[in-house]
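Using the sequences and the hints, build the whole thing.
Protein chains in written order, with the working numbering: chain A, 1 to 145; chain B, 1 to 145; chain C, 1 to 84; chain D, 1 to 84.
Everything labelled a hint here was simulated from the structure, so no lab data went into it. There are no misleading hints in this set.
Calculated from the model, a selection of chain B residues having no Cβ within reach of chain C, i.e. all distances over 10 Å:
{"#": "1", "residue": "Asp14"}
{"#": "2", "residue": "Glu15"}
{"#": "3", "residue": "Glu20"}
{"#": "4", "residue": "Ala25"}
Covered by chain B, according to a simulated footprint, are these stretches of chain C (three or more residues, beta-carbon under 8 Å):
{"#": "5", "segment": "1 to 10"}
{"#": "6", "segment": "43 to 56"}
{"#": "7", "segment": "68 to 80"}
All C-beta atoms, glycine included, are put in the ideal place defined by N, C-alpha and C.
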Amino acid sequence: MSGGSSQVHVRVTDEPLSLEALSRAVGRPGAGAIVCFEGTTRDVERLEYEAYGEMARERIAAILHSCVERHGLEAAAAEHRVGGVPLGEASVIVAVSAAHRAEAFAGAREAIDAIKAQAPIWKREVEGASGEWVVGSLPTRPEPA
Amino acid sequence: MSGGSSQVHVRVTDEPLSLEALSRAVGRPGAGAIVCFEGTTRDVERLEYEAYGEMARERIAAILHSCVERHGLEAAAAEHRVGGVPLGEASVIVAVSAAHRAEAFAGAREAIDAIKAQAPIWKREVEGASGEWVVGSLPTRPEPA
Amino acid sequence: MVSVKLFAVLRERAGRDALALDLDEPATVGDALAALARHDGLAEVLARVPVVMAVNRDYADDDRSLHEGDELALIPPVSGGSAR
Amino acid sequence: MVSVKLFAVLRERAGRDALALDLDEPATVGDALAALARHDGLAEVLARVPVVMAVNRDYADDDRSLHEGDELALIPPVSGGSAR
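What follows is the structure, encoded as structure tokens:
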């Protein structure tokens, strides 16, 4: 397990996300388990996301590398959408692959938890013409390597 | 949360599985988190699956209903492929949705663990012309309701 | 006379996917398993491979009594899914 | 003179996505934060909203010293992803 950059894929985009594409991105001959997480807009007309794009990409890549290392993953990928995300559509997708399912579940869970806690991304709930920034938490620092 | 059958989808099929379709099947206005698990053929040319189809469907449906109930899921779906499944393709996909990610991860993990332990499905590793049944475990009984 | 479905390694060794069984009534799952263990096509494999019986698509205990029209199946160790 | 990127509620309240800051050298992150808290466009919102500063796209402590060409950004509480 080399930790090479081909094991990690990150994108921050204003286009709709593709679950199928992210799952394919982590497919490997040694992968018997793939776990995907999708965060979707619920109970509100739409969410609007804003990102500090370059930093979000770097933070998410560092998080995925750390998850690959800590859980012995075959590969890890994450994409975050910015701009408006209508009800039912995905704002973030994480996909990880591993030989077995225990590592895949643990790696995917750690990745999304860290992305939500550390990535400089903000969201606003929008109903009709009115919007409200969702109050979050100050970002946590990554654990020292 | 009614436990109605529209919350649960099950299929046992000899066709390739679609991750996207299964994720869509569990999409709900109240779902903010979807977790999908794919079990894929690894390190071998192909796996061949055989199922006691009617019983597998009933067992998997019972498992998904129990997971919806126990974890307050919005919906749960599972499909299992039978026949030959080449390297890299999925033999089983589980998708569950929930308001939040903790329940979605817990529900998906419980569902795949129970399906593997209880569903009457067998597999054979095939390399070239030779095949070998994979030695598994006697099925566990579902916990009393 | 009841019919018992066979799968996977059991189906292969018996060379068929179902097997007819003559049981004295009233019979239990345990009686059926004992009769199968003496059956020519299965005795050898059942000496090696542990099994459970399913009755009407539910796993059944040995003391479960069998009735006319029950759907019986012999279930060897399962290995479904992937990512062992 | 350094430029500080603003996002989300800070960007909206300040009415712009970056802000120029005059700092005496040598300056630290803490000095920059203190200067921003006195800034007309931000004083009100920074009295309510906690922030951390990012330097060159890494979260930075208050005692981190700033250098010519550093990329500064003010990060309010994050709420990315979904499924709160």
